[in-house]
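S.K.: Protein chains in written order, with my numbering: chain A, 2 to 287; chain B, 2 to 287.
Honestly, I wouldn't trust all of these hints.
Which copy? The list can't say, so a pair holds if one copy fits it or any two copies do.
Restricting the straight-line Cα-Cα distance to at most 20 Å, the calculated cross-link-like pairs of lysine to any residue (SDA-like) are [what the hints assert, rightly or not]:
#1 LYS261 with GLY274
#2 LYS281 with CYS44
#3 LYS261 with ALA32
#4 LYS261 with MET193
#5 LYS261 with ARG149
#6 LYS261 with LEU273
Everything labelled a hint here was simulated from the structure, so no lab data went into it.
Protein chains: 2
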Amino acid sequence: MRTRLDCVWCMGRQALDAARAATSDPRLQQACMDEVLRRSLGCPLDRTPAEHSMTAYRVVRELTGVADPYAEEKRRENEAALALEDEVERLVDAEPDSLRAAVLASLAGNIIDLGTGQTFDIAEEVDRFLHVAPAHDDYAEFAQALSRAGRVLFAGDNAGEIVFDKPLVRRLAPAEVVYAVKGGPIINDATMDDALAVGMDRLARIVTTGCDAVGAPLHVVGPEFLEELAAADLVISKGQGNLETLDEADADVFFLLKAKCPCVARRLGVGLGDTVIARKGNLPPD
Amino acid sequence: MRTRLDCVWCMGRQALDAARAATSDPRLQQACMDEVLRRSLGCPLDRTPAEHSMTAYRVVRELTGVADPYAEEKRRENEAALALEDEVERLVDAEPDSLRAAVLASLAGNIIDLGTGQTFDIAEEVDRFLHVAPAHDDYAEFAQALSRAGRVLFAGDNAGEIVFDKPLVRRLAPAEVVYAVKGGPIINDATMDDALAVGMDRLARIVTTGCDAVGAPLHVVGPEFLEELAAADLVISKGQGNLETLDEADADVFFLLKAKCPCVARRLGVGLGDTVIARKGNLPPD
C-alpha cells in the first residue's frame, strides 16, 4: 500500500502519542513531533506507510532515549489477554465451525491497538465478534486454501492481540505454522519477548521480521522473513501494518483486520471500523 | 485557549482538507500541507489555535490561488438550512420553553462543520437535540443574564448553521442584537455574504470580526469588533473557534457548542461529541 498524503500529518500524531508515552516533558514531546514532521515533508508517496512510521518511532527513541515507550503497556496487554485466554478458547470451541470462530476471535483481538488511540472492552468485543459477519468475508476461500496448505506463515500484530491468535494457530494443523513477530519494538507490536511471554512458541516456530517496522515492508525485512514468505503456501496477515506491506507480497495472503484508519478502509473498500477477512487476490488494486 | 501540541499535526490535516477542496492536483495538495506543517514546527503554544489555523488557510489560498475553497459548500449549506428554517422555527415554537428550545436548535446547527471532517443528517439531529440535555448546561444562568441584558453580541459560526441561530436571535428581544460574522473566508465560517444570504440582517445588526480567523482572536480582530465586545452585556459564542478565542475575553460569555475535537472536550471537561451551554465564569481554567 502506498503512502497517502494523510499519512504525513498522521505521522505527527503518532509521534506525539509515542513521545507522550516516553516522556512527560512537553518541550521534548514537541521536539519529537516536529522532527518527525520535518522528515515527512515532501515525503515520497511510493513507499509504504510502514516505512515512514518506522522512521517516526526511531526519532522518538533517539530524542527521548527511551528504547521501548510501550514496554509496560505491552506487558499489561499480554497479561490482560492471557487472563481471557481460556474463556476465548471455550467460546471458540463451542461454535459449530470452530475454525471460523477462531478466525473471528483472532479478528476480535485486533481491536487492541495503541496506535489508533481508541479505547476498548475486549471481553464484550470477543463475544460480539463471534456473531457478526465481517464486511468483506473470504472465509470460505480461506478454509479451502488452508486444507491444501503444508506450511502457514502467520504474521502477528500487537502484544495482547497475539493471545487471541492462539485458538486459530491451534486449528491450522496439520499445516506447519511459522509465527512472525517484529524484530524490534514499534508501538505496541509484538516482539519475540511477547511471543515467549504468551507461550506462542509452544504452538508454532517463531521468527521475526528482522526490522522494527509495523507490518513487514518487503524492502526492509530481514532475509529470514523473506525465506519464510517464499516457503509458505498460505499467509495469515493480522492488522493494518501487515496489510500496508504484505499486499505487495507475491504470496497467497489472507488479511484479517479491523479498518481503523480512513485510508485503510478506502483501500479495502469498506467503512471505517469494519472488519475484513480478505484474500489478497480479491482486493481492488491500490 | 492556548494551542495544544495536537494542534500542530491537526493543522496539517486541516490544510490537506482545504487544499483538496481547492485543487485536484496532489502535488499542490502536498505542497500546501507541507508548507503549513513547516510553519507550525516549533510553534509557540501561548497563542490560540485560531491564530495558527488562520495562517494555515492563508497558505492554502496563496499556494492554490483559490480565495475561498469552501464557497460552493457554504452556498449549499445555506440553501439546505434555509429549506429547514420554517420547520425548525415551528419545532422551537411548539416547546413550552421556546427560549431554551431556540438555544438547543442553535446548538443543533453547530454539528454542521466542514473543518472536522464529519458527516451529518441535520433534520434528524434538530429533533434529537431539542430533547437531549447538554453535558454542561448553564441555561438557567443564561436566561437570567439575558433578562437583564440591554445588548447581546452573538458571535456566529458556520454558513448554514447561522440559519439555526435565527429562532434564538428572534427570542433575544427586547435586547438589541449585534450578530458577528468573519471578516474574510476561513473554512466554512459564515461571512457577511452568508449573513445577507440567510437574511440575518433583517433580525440583527451585522458586524464582522475584521479578520479571516475562526473565532475572534483578540489580538487579531478589528477595532469595531472589540468595541462591540466591550459594549455587550452578554455574549453568545457559537462553536469551537469562538471558544478557542473568546474564553480570553473580559465579558459575560455563554458558549454554545459541540465538542468536536478531543482538546476542546478536555478544555470543557466533557466527552468528545458532547454539547454544552457553558458560561465563561463556570469553566475550569485553561
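S.K.: Determine for every hint whether it applies to the structure shown.
M.R.: Checked hints:
1. LYS261 with GLY274: both (5 Å within a copy, 19 Å between copies)
2. LYS281 with CYS44: Answer is neither: 27 Å inside a copy and 43 Å across each miss the 20 Å cutoff.
3. LYS261 with ALA32: The answer is neither: 27 Å in one copy and 26 Å across copies each exceed 20 Å.
4. LYS261 with MET193: neither (25 Å within a copy, 40 Å between copies)
5. LYS261 with ARG149: So LYS261 and ARG149 fail the 20 Å test inside a copy (32 Å) and across (50 Å) alike.
6. LYS261 with LEU273: both (6 Å within a copy, 18 Å between copies)
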